[in-house]
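Start from the sequences, fold in the hints, and give me the full structure.
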Amino acid sequence: MVGFYDYNIKLILLRALVIQILGIGAGLIYTVIFSEQLLLGEVEIPEKQDDITYVSLEGLQNAIQSKSKILLIDGRSESAYHKGHISGAVNIPYIQRDYFFETPIIVYCSGKSCNISVELARSLSGKFGFIHVRVFQGGWEEWVKGKNPIQTSFDR
Amino acid sequence: MIILAKLAWTGTVVRAFLGLILAWAGIVKIQNPEAFIKIVTAYDLLPAGLVVLWGIFLPWIELVTGLFLFLGLWHKSAVLSSSGLFFLFAVAVSINILRGADIACGCFGFNDTNLYVVLFQDLVFLLCCCFLFFLKSTPYSLDHCLYTYRSGGLS
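These protein sequences, in sequence, are chains C and E.
In this text, residue positions in the first sequence follow the working numbering: the first is 190, and each later residue adds one.
In this text, residue positions in the second sequence follow the working numbering: the first is -10, and each later residue adds one.
Please note that the accuracy of each hint is not assured.
Stated by the list, open to error - FRET-style restraints, in silico, Cβ to Cβ:
id: 1; chain 1: C; residue 1: PRO293; chain 2: E; residue 2: ASP33; range: 31 to 41 Å
id: 2; chain 1: C; residue 1: VAL279; chain 2: E; residue 2: LEU9; range: 39 to 49 Å
id: 3; chain 1: C; residue 1: GLY214; chain 2: E; residue 2: TYR105; range: 32 to 42 Å
id: 4; chain 1: E; residue 1: LEU9; chain 2: C; residue 2: TYR243; range: 35 to 45 Å
id: 5; chain 1: C; residue 1: GLY264; chain 2: E; residue 2: TYR138; range: 54 to 64 Å
id: 6; chain 1: C; residue 1: ILE294; chain 2: E; residue 2: LYS(-5); range: 53 to 63 Å
id: 7; chain 1: C; residue 1: SER268; chain 2: E; residue 2: SER140; range: 20 to 30 Å
id: 8; chain 1: C; residue 1: PRO293; chain 2: E; residue 2: LYS(-5); range: 46 to 56 Å
id: 9; chain 1: E; residue 1: TYR105; chain 2: C; residue 2: PHE223; range: 33 to 43 Å
id: 10; chain 1: C; residue 1: SER268; chain 2: E; residue 2: ASP33; range: 10 to 20 Å
id: 11; chain 1: E; residue 1: LEU9; chain 2: C; residue 2: GLN254; range: 31 to 41 Å
id: 12; chain 1: E; residue 1: PRO36; chain 2: C; residue 2: LEU206; range: 20 to 30 Å
As the list claims (entries may be wrong) - Here chain C is said to cover these stretches of chain E; the calculated rule only asks that three of the stretch's residues, wherever they fall, bring their Cβ under 8 Å from a Cβ of chain C:
id: 13; segment: 17 to 25
id: 14; segment: 46 to 59
id: 15; segment: 67 to 76
What the hints assert, rightly or not - Selected chain E positions facing chain C (in silico; Cβ < 8 Å):
id: 16; residue: LEU34
id: 17; residue: TRP63
id: 18; residue: GLY89
These aren't lab readings, by the way, just hints derived from the structure by calculation.
Glycine included, every Cβ here is placed at the ideal spot set by N, Cα and C.
The following block contains the structure:
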């Protein structure tokens, strides 16, 4: 079988360039006709969204040092999180965010006599939509009685 | 000769497959350029102005390259253009893997894909391009038809 080959490297490169130009030309014509707002820069770039409140490094440091109640979430991958993360941060990998509400949650309070863990579990599964919510009835009392490891806020 | 003929037919299948993949990837992005621009922004590799241009023109370059590849017109140039695209994608994805960033790939739509799988795909496609580039001929290509036409029906 005989083929039609272009062995001339200049010709190959020139034609590759023509393919790019054809693509750019088609894109330009299409965009001018159908979505001119893109060329005029009227496109929403995520970083510039106003509905997000940003925090500076100092702001985060202050929030952590003042022991204010913040939930620090690390959106990177699980492997990046395990290699190192800001103290106290929990990991919700961005790629798994749609499965966030499938995260198993175990709620506890002081012990069998308290009821807030049950109420909290109801809120988490009802209002917030978490799917796997369970209550550890024995709570803090049973955990400590069993000499299980504990952590104080000062350990952070 | 039999092996060469088989290779040529494999080339046709690979060429058509890669062409369709690229054209499809382009069409999906063209339908929703703003979503694609947001994904390009998340890659965090280009300044804001270039992000928009890239978001507008890349899908069309993909589509046109895919069509050339699928039709088998200017075979080596189309393969070279595809290799360039797959190489750029592989570099962009690798940088974000090294950064530990979890971003949507934006390859064939806007669903999330594991970046390692995307990188593997890109490398496989690059290998396919190498195979096609060094292949002497693929049947059922416009190049082949043009050659046959120009040489007076001799094939």
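Hints versus structure:
1. PRO293(C) - ASP33(E): 31 to 41 Å: holds, 32 Å
2. VAL279(C) - LEU9(E): 39 to 49 Å: Taking Cβ atoms as reference, VAL279(C) and LEU9(E) lie about 42 Å apart, which means the hint holds.
3. GLY214(C) - TYR105(E): 32 to 42 Å: Given range 32 to 42 Å: holds, Cβ gap about 36 Å.
4. LEU9(E) - TYR243(C): 35 to 45 Å: Roughly 43 Å apart at Cβ, these two residues keep to the hinted range, so it holds.
5. GLY264(C) - TYR138(E): 54 to 64 Å: For TYR138(E) against GLY264(C), whose Cβ atoms are near 57 Å apart, the range 54 to 64 Å holds.
6. ILE294(C) - LYS(-5)(E): 53 to 63 Å: holds, 57 Å
7. SER268(C) - SER140(E): 20 to 30 Å: About 57 Å separates the Cβ atoms of SER268(C) and SER140(E), which means 20 to 30 Å is violated.
8. PRO293(C) - LYS(-5)(E): 46 to 56 Å: Holds: the Cβ-Cβ distance is about 53 Å, inside 46 to 56 Å.
9. TYR105(E) - PHE223(C): 33 to 43 Å: holds, 36 Å
10. SER268(C) - ASP33(E): 10 to 20 Å: Cβ of SER268(C) to Cβ of ASP33(E): about 19 Å, so the range 10 to 20 Å holds.
11. LEU9(E) - GLN254(C): 31 to 41 Å: At 56 Å between Cβs, range violated.
12. PRO36(E) - LEU206(C): 20 to 30 Å: The hint (20 to 30 Å, Cβ to Cβ) holds, given that PRO36(E) and LEU206(C) are roughly 24 Å apart.
13. 17 to 25: holds (count 3)
14. 46 to 59: holds (count 9)
15. 67 to 76: holds (count 4)
16. LEU34: violated, 13 Å
17. TRP63: Nearest chain C Cβ about 5 Å off; hint holds.
18. GLY89: holds, 3 Å
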